[in-house]
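Colleague: The primary structure of each chain is shown beneath.
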Amino acid sequence: QQPVQSPQAVILREGEDAVINCSSSKALYSVHWYRQKHGEAPVFLMILLKGGEQKGHEKISASFNEKKQQSSLYLTASQLSYSGTYFCGTATDSWGKLQFGAGTQVVVTP
Amino acid sequence: SAVISQKPSRDICQRGTSLTIQCQVDSQVTMMFWYRQQPGQSLTLIATANQGSEATYESGFVIDKFPISRPNLTFSTLTVSNMSPEDSSIYLCSSRSTKDWGAFFGQGTRLTVV
Chain A
1 QQPVQSPQAV ILREGEDAVI NCSSSKALYS VHWYRQKHGE APVFLMILLK GGEQKGHEKI
61 SASFNEKKQQ SSLYLTASQL SYSGTYFCGT ATDSWGKLQF GAGTQVVVTP
Chain B
1 SAVISQKPSR DICQRGTSLT IQCQVDSQVT MMFWYRQQPG QSLTLIATAN QGSEATYESG
61 FVIDKFPISR PNLTFSTLTV SNMSPEDSSI YLCSSRSTKD WGAFFGQGTR LTVV
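Top line first, the protein sequences correspond to chains A and B. The first sequence begins at 1 in my numbering and counts up by one. The second sequence begins at 1 in my numbering and counts up by one.
Chain B on its own, in the form it takes in the complex (with noise of 0.2 Å):
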């Protein structure tokens, strides 16, 4: 199956900074999906990124926040913006698969706000 190649894989960054994590798939797919997943929690849909269009926001994100990059139909960037605490967190990224249809997802980027 295909596999998703996600960095970085941690980061401790400073408040008020950003941070740019990229995910790179080693087959081209239609949609790629951005999660985040706090530690002992399920997984929350952040946004859908499709080539060629803006990116879909899931209710309490913001493209200003989360800034979606899809320049091809095999990377995605999700930025995190003017970071607080709070977006302390487990980011992933995520396709679903053309041969069974199941979601894969990149090894997740842990990301703790100072």
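With the rest of the complex left out, here is chain A (with noise of 0.2 Å):
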């Protein structure tokens, strides 16, 4: 099942902050973040693992709850380069298959 992923899209100034949530009806056991540029694959941010971890990538980080199954990704002091489509995909065990979300366009202006 396809985890619910929101806002649809965000529209920033650079140096602003959002928030992308990710939820899940599963129990999972990762949640992944991707970025997407217009006309390539997605490549991928982090992993947080079940436990309740958070991560950082640069002045991007991500939380996971493992009691309500949610994730939130962390965008802070936006920059140009951060513009592209987010996606969450999800995991039930360590190796396996990801459910991804709808995704959360991001566009980042000077």
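One thing to keep in mind: the hints can contain errors.
[Unchecked claim] Here are the in silico distance ranges between beta carbons for each label pair:
1) B:Gln41 / A:Lys68: 23 to 29 Å
2) A:Lys68 / B:Gly52: 35 to 41 Å
3) B:Thr56 / A:Glu14: 41 to 47 Å
4) B:Trp101 / A:Asp17: 26 to 32 Å
5) A:Lys37 / B:Gln14: 29 to 35 Å
6) A:Gln8 / B:Thr98: 31 to 37 Å
[Unchecked claim] Here chain B is said to cover these stretches of chain A; the calculated rule only asks that three of the stretch's residues, wherever they fall, bring their Cβ under 8 Å from a Cβ of chain B:
7) 33-44
8) 88-99
Think of the hints as simulated: they come from the structure by calculation, not from any bench. Here the structure is a predicted model, which means the values were calculated and not measured. Don't be surprised by glycine CBs; every beta carbon is placed ideally from N, CA and C.
Fit the two chains together into the complex; they arrive one by one in their own frames, and the hints show the way.
Modeller: Shown next as structure tokens:
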């Protein structure tokens, strides 16, 4: 079952912050975050494992609330390069298939 | 990290024909995944391919329409059979990294059926 991702789209000025949410009705082993630019394949950003950890990648970080089966991706002090579509992917075991959310289109303007 | 070479990158095909998409990984991987992505949409998993066993298909996808081969640990093919315009989409192969467990993807095949 596809995880639910919100918002559908967000427009930011350079330097602003944004939060993207991802929730699942299933018990998750891990949540992944990817960014896809137009015409390109998705690129892996980070993975969060069950246990409720938080991770960071430059000024992009994420958290995973295992009790709620929810993850959030935080874009801090956004840069023009952050523009793209962000997908969360969820897995119910360590090496298994990923189910992707509908995606959040992020546009960062100067 | 590992790299997947996928080909063709794009093709325009006549309805009723078949197209085989190839993915070559530069290292051995246990599982490979095939996704379909309509323009502006999310990735939909078609099937999971393990070497030495039949592929496992997701609901809505069948082997007769999307036969998959996985002859060894570095290669897989997906065939889109008896194509119709509804099959027009981007097809992506993927696997998981043993370093960080993230998924990595081939460059995608943009298929247009006319």
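Colleague: Hint by hint, note whether the structure agrees.
Modeller: Hints and how they fare:
1. B:Gln41 / A:Lys68: 23 to 29 Å: At roughly 26 Å between Cβ atoms, Lys68 of chain A and Gln41 of chain B fall inside 23 to 29 Å, so the hint holds.
2. A:Lys68 / B:Gly52: 35 to 41 Å: 39 Å, holds
3. B:Thr56 / A:Glu14: 41 to 47 Å: 44 Å, holds
4. B:Trp101 / A:Asp17: 26 to 32 Å: Because 27 Å falls inside the window, the suggested range holds.
5. A:Lys37 / B:Gln14: 29 to 35 Å: 31 Å, holds
6. A:Gln8 / B:Thr98: 31 to 37 Å: Given about 34 Å between the Cβ atoms, the range holds.
7. 33-44: holds (count 5)
8. 88-99: n = 7 at 8 Å, threshold three: holds.
Of the numbered hints given earlier, the model fails none.
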